Structure formats: structure tokens, C-alpha cells
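Work the whole structure out from these sequences, hints included.
Residue-level listing of the chains:
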Amino acid sequence: MAKKVPEDGYKDIFSCNPATLLVMDIDAPSYTILDVNEAYLNATNSTRESLVGKSVFGAFPANPTDEVSKNIERTIFSFEQAIQTKKPHTMYNYRYDIPIRGTDEFEERWWTTTNIPILNEEGEVAYFIHSPTNVTELYKLAEREKAGVEALKQQRAQLLSFFMQAPVGIAILRGPGHIVELINPTLTGIYGKTVDEMLGQPLFDVLPHIKGLGFEELLDEVRQTGVPFKGEGYPAPMLRNGTMETVYFNFVYEPFREIDGSISGVIAVAIDVTEQVNARKQVEDAEERARLAIDAVGLGIFDLDLLTGEMITSKLFANIFGFAEPVPRPEYVKVFHPDDMAARVQAHIEAPATGRLFYEARVIWPDKSIHWVRVEGKVYHNAGGTAIRILGTLLDITDQKAAKEALAASEQLLGNITSAAPACLWMSDEEGAVTYINQTWTDWTGKPFEDHLGMGWINSIVPEDREKTAEKFINDCAARRFYEAEYRIDHVDGTQRWCAANGRPHYDKNGAFAGYIGACVDITEQKHLQQQKDDFIAIASHELKTPVTSIKAYTQVVEKMLQRKGETKEAAMIGKMDAQINRLTSLIGDLLDVTKINSGKLQFNDQEFDFNSLVDELLEDLQRTTLKHTIEKKIGATAIVFGDRDRIGQVITNLITNAIKYSPDANKIIVHSRPKNGEITLCVEDFGIGIAKENIDKVFEQFYRVSGEMQHTFPGLGLGLYISSEIIKREGGRIWVTSEQGRGSTFCFALPLRKN
Amino acid sequence: MEKNKTIMIADDDPAILDAVGILLEFEGYDVKGSPNGAELLKMNTEFPDLVLLDIWMSGSDGRDICRHLKNNPRTSKIPVLLISASKDIEHSALEAGADDFLEKPFDMTVLLDKIESQFRKSHNAA
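Going down the list, the protein sequences come from chains A and B.
For what it's worth, this note's numbering labels the leading residue of the first sequence as 159, then goes sequentially.
For what it's worth, this note's numbering labels the leading residue of the second sequence as 932, then goes sequentially.
No lab work stands behind these hints: they were computed from the structure.
Mixed in with the good hints, there may be bad ones.
[What the hints assert, rightly or not] Just the calculated beta-carbon pair ranges, DEER-fashion: (1) B:Ser1053 / A:Gly807: 22 to 32 Å; (2) A:Ile616 / B:Ser989: 40 to 50 Å; (3) B:Glu956 / A:Gly724: 13 to 23 Å; (4) A:Arg624 / B:Ser1053: 47 to 57 Å; (5) A:Tyr862 / B:Thr976: 57 to 67 Å; (6) B:Asn1002 / A:Gln860: 44 to 54 Å; (7) B:Ser1053 / A:Gly724: 33 to 43 Å; (8) B:Thr976 / A:Asp779: 42 to 52 Å; (9) B:Asp992 / A:Gln654: 26 to 36 Å; (10) A:Ile798 / B:Asp992: 32 to 42 Å; (11) A:Gln860 / B:Ser989: 28 to 38 Å; (12) A:Asn835 / B:Asn1002: 47 to 57 Å.
Source: prediction; values computed, not measured.
For each residue, glycine too, the CB sits at the ideal point set by N, CA and C.
Put into C-alpha cells, the structure is as follows:
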């Protein structure tokens, strides 16, 4: 028979139970403590007397360290649950501090309490056991664990954040399918994708354009061997914003190891170095172009180390020296022409100070031919300021030198010719400023070259001619006209000399006016001869006039006497003689006028006069000189002209007498006149022999006469039209002719009307 | 019958003195000739009615003689025609006080017209 626990033994079991036990009545809300065991008293630092028979809430007031806690409410709730459900109810992990005996201090305690209902025979809850367990240690442990997990979570978040924001592209590619397990936006950005498009996808499915370029094999090898791979400047096509671009990468493939050391994938780290690669390529391209350019212009290159004396040269450099391939520096030095050695040494001495090496020298080729070279270099200094290196170029300038020498020779020749020339030669720029004048001019004027530059030359002209000459030159230059002038200069020998200058406009190769090239000759002798001739003619014609006057007087007396005697026939003969004397008078007058024109002494007695009355007067007289021709008048309104009435009359007379003279077979002459546009125009139209086209420009020239095999020979000195044109020009008018050979001519002039 | 008018001609060319003299006498004038005009400066009585005066004469200038005549109250009324081979001199001739100017060689009808015109003027003035 099995031994049994004695009836009162349970009392001991209760008392000695290590679990803390408190027996309570169900008399809510008081919940009176019915019994308590030793363990409980120990755990709560209480005494039996302070507890039994008291309400549990009186014995254990609200927690002093946790006034706002809901411990009382939670406890009541737990009690009620246990009573109502008749099942044990547990409250987990709540804090209720207990006083430390003998002090006012409390000790932190965490509890897990079970309230166990005890049923009577009727199945009703009679009382219940309240059994708190001190879980302080356990609770604290759990709290520490929780904090550890939190810290881990935070670390992980930081890592992820770092990973996602890293300036380098990072991805974990798992397995043989290269599944993108993790990828940061930097890398998807390089790929031209988003993270969502790539996560969980096989890499080469998302980026089909990099398939088959060797990346698969590289990844597989790293995964299979565990040996990392490092690539620099790898090109790969990438689709970005719809266009395919070549992107260059620096990248590292690292094996991704599991905890057990096995390799399950690859960590790829990549940087886009496209810009750097492109920049480097541009530099390389630029270098290449520079090299090509240097070759193209035939420049040899050298790099001279001043410390060692060693020199690196290009092939072309060697070729210019007559060598097939580059040779050491002393070989080059040897072939310099001995006469140029000093200049070369001097250039090298000066170079470190000026920072620049420059000289030209001859080199002698193995075949003994001589070539000119030009050396140019830049000197480089170290931090201490010592010249350490010269980089430079070499150019074969043999042809240039030859051309220059030829030019210098031809310039010398030209210089000799121009200074030897008896004429002065000059040049001006497009503004008319004289830029060159030869020695002849400086010899004449006795002033140095510089004094004549610009408009300086004008000061050598005598004051009376200066203004007129300057004005003419400036006007001709502005109009880009052929320039022609005569003036006197103060010669160095103290005399005045006459000069005839001319200048031809010249144009540069683009057709732009570039100034004048001109000459100027001493015409003093001619002027003297001309003067002598003019003087002679003046005197001669004056002297001629005197006998003509008496002949005329005698003739007319005789004519009158014969008429009075009734000897008409003889009188008529004398009359004809008088007409011949008139012709002679007219010729003498013309000669005198030309002389005056040439010496600028043709005088004008300008005054206002009525043009038509002059014309009427003259036509009446002229009609009397011809029996054959009728002079028809087609005269418009009259006008007041300011000019020399006699001289203008002389012109009209000249035109009409010419018309009569050169139309021997015609019977009329038409004189037209009318004012128009501020001018009065008069035209004399004849139906005579006309003027050949080639001569039409010459009719107003001095001594021009109508002549030729087919023509009659007409008498006259050829001065009339010249005098007429000079008169009209001096009066400010124009004179011209239209003509058709065999049909007749029309001579016209126009004079400005008096201004109101 | 009215007394003939007297015309004094001064010209250093004897042919002109002769020819113009014949012509004027033929036209009914009394003519006196002078080879240089010196008589014109000396005369005190028997003044001519008109003077034909050449400007360029050897030894004298017709314009000076003209000025002398025009400055003398007794002779200032006598018409003076200055004559020259140069028309350019006309202006200075008129400045010297000449009543008219004639360029050599001249037409005799022009000469006679100018003479008669002067006589008409002095007749009207008188």
C-alpha cells in the first residue's frame, strides 16, 4: 500500500512551497488575503500579520515607482478572469517594486503572476491562489536582447542606405543565372534602368545588348574559381534615353561567399569612366592631329635635355639635316656651316634667359649641298629656375631664303633703277598719303625722304601753286582718277623748276584701290621753250596785226574810190581781197588766243547779257557771209547768261563757220537753242561730211584738223574748236558733238544760267 | 559850208598814218598825223576835234597821253579813241579816260561809225 501524505501535511507543503503563494477570497472588490506562505513573505519582504485578513490592495498599494501604471486594473482584470472563467489566468511581466527592508528605498521587481481559481464541491469558485513569480532577471535579459536586435536592425538599415546611395555601382548577382539579388541606383543608372526593373531578374535578360560580349564568362569564372577580376576602361553599349551609347567602365567582380565559405554569386562594383576615357581620347586625338600637322608643314621636332646634352629628334628632323634616320646630337652639330656656328652658339647662350631659342643657319648635307634651316624652341626650367630642356621645331627654309634673296636682289635692282631714273617716282596709299618717293625728288628738293611722306611733299611746291595742286590731287584720288598736274617747286639750287606730275591708280589683287604709282618730270626746259614760243607768237601776231591794219585801210579806201568812180568790177575784186584779209585777221586772232590759253592768260570780261539777242545779232552777220546756206533758227525762250559776251559769240561764230565750211554740198544749217534745267543749250546742226567715229574724241584737241584721203582738204589751223571748248569750259559749261560720217554733225554747248 | 572836222592820228606805224589818213580825208575830214603823239602833249592852239591814239607806240604810251588830255580842261572835251592790237587792254584804256576803244585790225566802216558816233555825242552835248 502506497504511503499517503498525511492530511495536515498539505499545510506544510503550502508553507514550504518554493513558489510564492497567496490565498485570496473572491470578495471583490476587497479581495481579502486568506493565507500566505513563507516564500511569498520572503519575496515581498512582508510579514504574515501585515497581510492576512487584509484587502490585497490595502496590503499592496499602487506601485510607488510607477504611479500611472495600470497594475491595479490589470490585477483586478486578471482576478475577474480567473473567477469568471474558472481557469487560471496569467499576467506577464509587469513591474512592481518592493521596499528594501530597513530603508525607504525600493527594489525594482518584474513579475509574472498566475491567479488560479479553486472550486468547491458545487463547482463554484471558493477562493483563488495568487502566485507571482519574480521574473526580474528574465525580464532584464529579454530587454537587453531586444535592444541588441534593434541595434542590429539599425546597422542593417545604415548599410542598406550606404549601399543604395554609394557613388559606385554595386550589385549582387546570384547563381549561374546571374540573378540580380541586390542592386543600387548608381548601377541601374549606369545601365539606364531603374532598381525595380532589375531586381530579381537575370542580368543579361534585362540588358540583352551586353550579352555575348564576354561579361558572362568573366562572372562565371569568378563564381567558380573565387578569384576576383578587375577591369579598366571596358566599353559596353548601353541604351540610355532611347539611344545606344558606348559607356566605359572600371569594375571589380568579387566572389560572394556564404557563411560556410561556398560561393553563391558575384559582387559587382562598377564606375562609369566614360568621361575620363573620352577626355583621354580627345587628348590623344589632339596629340595625333598636332603630330600630323607638324609633319604636314614639314617641321622636324627635337627635345633637348640640357643636363645630359641628349637630344631626341623626329625622323623629319634628321631628314632636314640630310640624314635618313635620327642620329645623336653631336652628329647634327658637325654639319652646321662653319660661318653660321657663332650665331648658333650665341642663340644657345641667350636661350635660357629669354626662354626662347631662335636662329637660322646653313647645314651641309652629305652630298655637299647647302640647306638653310630655321630652329625655334621653347626653354623649360625646373622649380629652381635652371633651364633643363628645350622643346622645339626645325624647318627647312632653303626655298624661302632663295626667294627672299631673289626678291632682295630684284628690290636692289629696282631701287637702283628708281634712284637712277631722271624722273621722280612716287607711290601713295589709298588715302592719298605718299608712302614712297625716290631719290630724284629728294635731290631736287634737298629735303629728306621723311619730309615728303603723307602730304609733306606739297611743302616743296611754290606757295602760288600749292593749294591748286593739293586740291587737284585730293579730288583725283577721291575719284580714283588718273592724276595729272603741273606745278613749280623750289629747287635745292635756289631756282624754281617746273614739274609735270602724273599718277596712275593701282589696284591690289582683289581689285581694291590701293593708291597711286606715279612719276614727275622736270619740264622747266619745255616750259621755257613753250614760253619762248608763246612770246614769239604773241609778238608775231601783234606785229602782224599792224601791217594788216594798214593793208585793210588801203584796201577799203581803194574799194571806196573804185565804187565812187563806178568801176564796180574792180571794186568787187578789192572787196574779195578784204574778205581774205579778214580770214588772215581771224587766223592771227586764233593763234593769239591759243597762246593765251596755254599761258593761262585768256581774259574774260564776264557780265550778264541776253543770250538770244547775241544769237540773233551773230546769225544776221553770219548769214551775210554765205550765199549758199540758209541758217534756220529754232530758237526757244531767251535767258540771261553771265559770261564774256564776245567770247561766247566767238564760239557761236566758230561753230557756224565750221558748219558752213564742212557742208559744201548742203544748203542749210539749223541752229537750235533753248534753256533747260538751269542751262542754256545751243546746237549747230549741219548736213555735211561728218566726222569719223575714231576721230570724234579728237575734234576739240589743239591742232586737230579734218583730213584724210577721202576728204577734201579744208583750210585752217585746227585751233577753232580747241579755243571754243576752252572758252566754254572756262565759262563753266560743256561742249560736245554728235556726228555721222557723210550725214553731218551737230555741235552743242551748254552754259549755266545766272543763279537767282 | 561847215568847216571840216579835224582828226589827229597818233601811231608809230607810218603805213597806218598814211592809209587811215587817206581814208579819213576821203570821207571829208582834215587829218593830222603824229608818229608818237608828242604833238598832242605840246599843242596849245588849234586843237583837233577828235583824237585816234595808238596805245603801244615806240617811246610813249597812248594811255598816258589820253590821261594828259583828259586832265587838261582845255582838251578834256576832245573825244579820244584808243587803239590797240590787244583787246585785253580795252579795260585799262577806258580807265585812262578814253571815250571808245578799237582793236587792230579794224574795219574801216567800224572806225567811221565810232568817229561819227563821237561827233553826234559832242554835238548833242554842245
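Here is how each hint holds up against the structure:
{"no.": "1", "hint": "B:Ser1053 / A:Gly807: 22 to 32 Å", "in the structure": "holds (30 Å)"}
{"no.": "2", "hint": "A:Ile616 / B:Ser989: 40 to 50 Å", "in the structure": "holds (46 Å)"}
{"no.": "3", "hint": "B:Glu956 / A:Gly724: 13 to 23 Å", "in the structure": "holds (21 Å)"}
{"no.": "4", "hint": "A:Arg624 / B:Ser1053: 47 to 57 Å", "in the structure": "holds (53 Å)"}
{"no.": "5", "hint": "A:Tyr862 / B:Thr976: 57 to 67 Å", "in the structure": "holds (60 Å)"}
{"no.": "6", "hint": "B:Asn1002 / A:Gln860: 44 to 54 Å", "in the structure": "holds (45 Å)"}
{"no.": "7", "hint": "B:Ser1053 / A:Gly724: 33 to 43 Å", "in the structure": "holds (35 Å)"}
{"no.": "8", "hint": "B:Thr976 / A:Asp779: 42 to 52 Å", "in the structure": "holds (44 Å)"}
{"no.": "9", "hint": "B:Asp992 / A:Gln654: 26 to 36 Å", "in the structure": "holds (30 Å)"}
{"no.": "10", "hint": "A:Ile798 / B:Asp992: 32 to 42 Å", "in the structure": "holds (37 Å)"}
{"no.": "11", "hint": "A:Gln860 / B:Ser989: 28 to 38 Å", "in the structure": "holds (34 Å)"}
{"no.": "12", "hint": "A:Asn835 / B:Asn1002: 47 to 57 Å", "in the structure": "holds (52 Å)"}
Hint check: no violations occur; every hint is consistent with the structure.
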